[in-house]
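Engineer: Sequence:
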Amino acid sequence: MSTLTEFRVSEEQKKKYQEDGFFILDKVIPDRSLEILRSECAELIRQQDEEMDRQKTDTLNLSRRNSRYFVFLAYKDRPQLGEFIFSDLMAEVCRATIGPNAMLFWEQFVVKGTEKKGSEFGWHQDSGYVDYPHKSYVNAWIPLDDVNEENGTVYLLPYSIAGTREKVEHKPLPGSNDRVGYFGKELGTPAICPAGSIVVFSSTVFHRSGPNLTDRMRRAYAIQYSPEPVFEAEGALKGLAEPFLKDNRRVR
1 MSTLTEFRVS
11 EEQKKKYQED
21 GFFILDKVIP
31 DRSLEILRSE
41 CAELIRQQDE
51 EMDRQKTDTL
61 NLSRRNSRYF
71 VFLAYKDRPQ
81 LGEFIFSDLM
91 AEVCRATIGP
101 NAMLFWEQFV
111 VKGTEKKGSE
121 FGWHQDSGYV
131 DYPHKSYVNA
141 WIPLDDVNEE
151 NGTVYLLPYS
161 IAGTREKVEH
171 KPLPGSNDRV
181 GYFGKELGTP
191 AICPAGSIVV
201 FSSTVFHRSG
211 PNLTDRMRRA
221 YAIQYSPEPV
231 FEAEGALKGL
241 AEPFLKDNRR
251 VR
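Everything in the sequence shown is counted per the working numbering, starting at 1 for the first residue and increasing by one.
FYI, nobody ran anything at the bench for these hints, they're computed from the structure. Bear in mind the structure is a predicted one, so any value in this text is a computation, not a measurement. Where hints are given, some of them may not hold.
Stated by the list, open to error - Here are the computed lysine-lysine pairs in the BS3-like style, where the Cα-Cα straight-line distance is at most 27 Å: (1) Lys27 with Lys15; (2) Lys27 with Lys185; (3) Lys185 with Lys167; (4) Lys246 with Lys135; (5) Lys56 with Lys116; (6) Lys185 with Lys116; (7) Lys171 with Lys135; (8) Lys14 with Lys246.
All chains should be modelled from the sequences, with the hints used to inform the complete structure.
Structural biologist: Structure representation (structure tokens):
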């Protein structure tokens, strides 16, 4: 699935990433690749529902039946996901944002179901969940469905409006594991784009998402790449550090 070898992020998009912290690549993922991602997502949700049935519960880790689903690091057992994560397309995204060295830090499916409860996320930076100093990393957020303000797309806050491009201290949201770091009145820029696009944003960009108000699931796949390993305060590795680019060359 190393497709789109001729694809290049434009200089304008690179400039927007430096100035605002994000840009959108409109429908750059081939239909065949998109169908594979959708199929993998559907199977993983089915497996989570089966496990909830087995445990006689409606919650599983961060997932809540029909409300929201998180599936972490499935690529280890699903080769087609690995082929996409380490593709030419994603290598170009990494080079345009974090530079010549990149490693896989995290990957997950994030699905908003038709049950509204618990499907909103407040303003946060991805770096707000990393408690030890680190270089900013990049998030490639891939909608598997057309996304808009009705079905819970992400909203992004440009650096100029947020007033900072640095990580800030976040506060835990009572009753959940969520953290919030921006408490202003700005609504942000909604990512309204077709399935197969990539919303590319820095780990220091504030973003949020609302509930899915439609009667269909809103599926997304998020892949995060870092320029170097990320560590916990006590020295343990946080997430992954799977080599992808070294001195601008693919090593996987």
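Engineer: A separate judgement is required for each hint: does it hold in the structure or not?
Structural biologist: Cross-check of the supplied hints:
no. : hint               : verdict
1   : Lys27 with Lys15   : holds, 20 Å
2   : Lys27 with Lys185  : violated, 31 Å
3   : Lys185 with Lys167 : holds, 19 Å
4   : Lys246 with Lys135 : holds, 16 Å
5   : Lys56 with Lys116  : holds, 21 Å
6   : Lys185 with Lys116 : holds, 23 Å
7   : Lys171 with Lys135 : holds, 21 Å
8   : Lys14 with Lys246  : holds, 20 Å
Checked against the numbered hints listed earlier, the structure breaks hint 2 alone; every other hint is satisfied.
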